[in-house]
Amino acid sequence: MDRLKLAQLRFFCAVMEAGSVVAASRRLNCVASNVTARLRELEQSVGQPLFLREKGRLVETPSGRAFYAQAREVVQKASALEHFFKPDVPRGVLRLGALDVALQHFLPQCLPSFMQTFPDVELTVLKRASYTLEQMLMERAVDLALTDGPIQHPLLESRLVFTECLRLVAPAQIASPGEIDWANTDVLLFNSDCFYRSVFEAWMQKNGVVPRRVQTIESYHVIFACVRAGLGVCCCPDVMLPAAHAHGLHAMTPPDLPEAPVYSVWRRDGVTPLLMRFVDYLGTPAE
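The numbers in the UniProt record's numbering rise by one with no breaks, and the one at position 37 of the sequence shown is 37.
Derived by calculation from the structure, the hints in this document are not laboratory data. Check each hint, because a few of them may be wrong.
[Claimed, not checked] With a straight-line cut-off of 30 Å between C-alpha atoms, the simulated DSS-like cross-links for lysine-lysine are: (1) K5 with K77; (2) K5 with K127; (3) K5 with K55.
Please take these sequences and the hints and turn them into a complete structure.
Laid out in structure tokens, this is it:
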């Protein structure tokens, strides 16, 4: 069977609905001979007679009636696709990867309103660690990442979204960083693909801090429970702390512990109007 053409299906449906070649040609604004030629091409493609020719008129065959039921659906869907994209009405599927800090506070504030304003945009939102998000961008597994930055890479572009404060969290009885007995204290952190871990490890190295060991626990709930039980200290973004610095924890901010800016990051060659509309919607806070 030769490949079907949408134009052939349109002509066929027009004849079925208008009742004759002449009426269909008026509807399609073309000459009758063009309609007749397309019908013969279609019959050759499907290998079935769709009409009987009787005294200058067409009568649909049983095969033609069955074929029309399917062809009409294809033509209707194709017509709808022609108007799928409308001016100034964003439509598409955006794949967003985000740090847990963005999912905890920032995105819940802005995503609902974006989804209400642009109901034809479908969002896929994934939680991943910093370096995983950068790799996903490079592999085009996501269109946009909310991650630590700025990322200096010739293929990537970034824009500041918000800044998160990092806290050193210790058991409640520890009043200051100077009271921590580091040689007998565990530091509880996320895995090595976490940007905050690298920031805190750099801070410890800068200050000559050598803990008993660094333990990897990928759950803030578990980490805080361990700190509360006196089993170590941790570093975390302020937004991830329990409400009002829950009982049993003391959150401190050493003056030389860096802040953690979060950026929208995307591929330079992946820019689309929809992507940039979403980036603009996230906004750029004043520096």
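Hint-by-hint comparison with the structure:
1. K5 with K77: Distance of about 14 Å is within 30 Å: holds.
2. K5 with K127: 44 Å, violated
3. K5 with K55: The hint holds at about 28 Å.
The structure fails hint 2 only (numbered hints given earlier).
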